[in-house]
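Engineer: So you can see what is in the structure, the chains are spelled out below.
Number of protein chains: 2
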Amino acid sequence: MKALRDAIMNYGQGLGSDIVKVDMFLNHRLDTRLMFDIGRELADYFRRENPDIVLTVEASGIAIALAAAHYLGDVPVVFAKKSSAANQSGNMLTAVAHSFTHGNDNVLRVDRRYLPAGSRVLVVDDFLADGQASRALISIVAQAGCSLVGVGIAIEKGFQPGGKKLREDGVNLKSLAIVQGIEDGKIILADD
Amino acid sequence: MKALRDAIMNYGQGLGSDIVKVDMFLNHRLDTRLMFDIGRELADYFRRENPDIVLTVEASGIAIALAAAHYLGDVPVVFAKKSSAANQSGNMLTAVAHSFTHGNDNVLRVDRRYLPAGSRVLVVDDFLADGQASRALISIVAQAGCSLVGVGIAIEKGFQPGGKKLREDGVNLKSLAIVQGIEDGKIILADD
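Quick note, the sequences are listed as chains V and S, same order.
According to this note's numbering, the first sequence is numbered sequentially starting from 1.
According to this note's numbering, the second sequence is numbered sequentially starting from 1.
In short, the hints are calculated from the structure, not lab data.
Don't take each hint at face value.
[Stated by the list, open to error] Within a straight-line C-alpha distance of at most 20 Å, the following computed SDA-like cross-link-like pairs (lysine to any residue) qualify:
1) V:174 x V:189
2) S:82 x V:92
3) S:81 x V:174
4) V:82 x S:27
5) S:81 x V:58
6) S:2 x S:33
7) V:82 x V:111
8) S:21 x V:92
9) S:174 x S:147
10) V:81 x S:2
11) V:82 x S:174
Throw the hints in and build the complete structure from the sequences for me.
Structural biologist: Take a look at the structure:
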């Protein structure tokens, strides 16, 4: 997706061998026009699957999830809440996502009432690296008795295993930009 | 604002004497159409002030901030990150917001680069109760050398002191719905 590729090349920073810093437009400051462009692109890709809920995880996924939901006909968004605590109420669906970046486990939780059984759920997130968050959301979709129609991602780190594993599992995964690697601080993108 | 009032009356739950639970449409499941309606209403109210950045705090503020920013001409959104840790880098503007609900202090932090001095900043959030989060964001706006054009809120808890204090301080505050109190589990709204 050209607008996203341009933003990554113009404003993204590669740090060390694996950190892709895109604070400037995706996960601290939000480039509003780009959020809508990303949402529209994901909506166009998954529209034929007729998703009726967009599921993401707080916080950075919310903006593109809302935009995608808008272009899918204003379907609702549900965002999983993150907490380190494992306390569980009967109404909450939970799954653990390990964070390699922070070295801790997050418990993602979604109120069961907001994923009615039989719903067709599109999972959306800003980043895909090891795939822990996506897998946790997919687990929650399954626990809810919903169908996963696919996973839409803004930026995939292609040099980490999350995307490959999801594709091997037959998940309909669409990443709008794939980072192949970082060389001397420069972010290398895969061809579209 | 009628659509928001209707959502509160139809789907909101009053718990105890002071909890307004609106998970169903505002801060866990998002009613996408309503998020845009709220954003448009805030944008219309503050448009004459020419805000060029919308500032909020993760996570629940992001959706209405993005929608407001869209109707203000796709100005950027910046969302403050919340953490309990006090570690500070030179580039981060920080302010403490005490949470009466959770009984802890959150440190809100914004990268200084994303609030260029002289910017006209609209602060947006889903809730206003004690005003701790709004005041922390206002402090960050001042630290950045920016102008605060106003504070736009979806739901104000009028029986808590945050809104009154902000108005006394001369802040241009617009709350789209004001909860007067909770009686026997029923949410009582102030007249528009």
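Engineer: Determine for every hint whether it applies to the structure shown.
Structural biologist: So, going through the hints one by one against the coordinates:
no., hint, result
1, V:174 x V:189, "holds, 15 Å"
2, S:82 x V:92, "violated, 23 Å"
3, S:81 x V:174, "violated, 28 Å"
4, V:82 x S:27, "holds, 13 Å"
5, S:81 x V:58, "holds, 11 Å"
6, S:2 x S:33, "holds, 13 Å"
7, V:82 x V:111, "holds, 12 Å"
8, S:21 x V:92, "holds, 16 Å"
9, S:174 x S:147, "holds, 17 Å"
10, V:81 x S:2, "violated, 28 Å"
11, V:82 x S:174, "violated, 30 Å"
Going through the hint list in order, the structure does not satisfy hints 2, 3, 10, 11.
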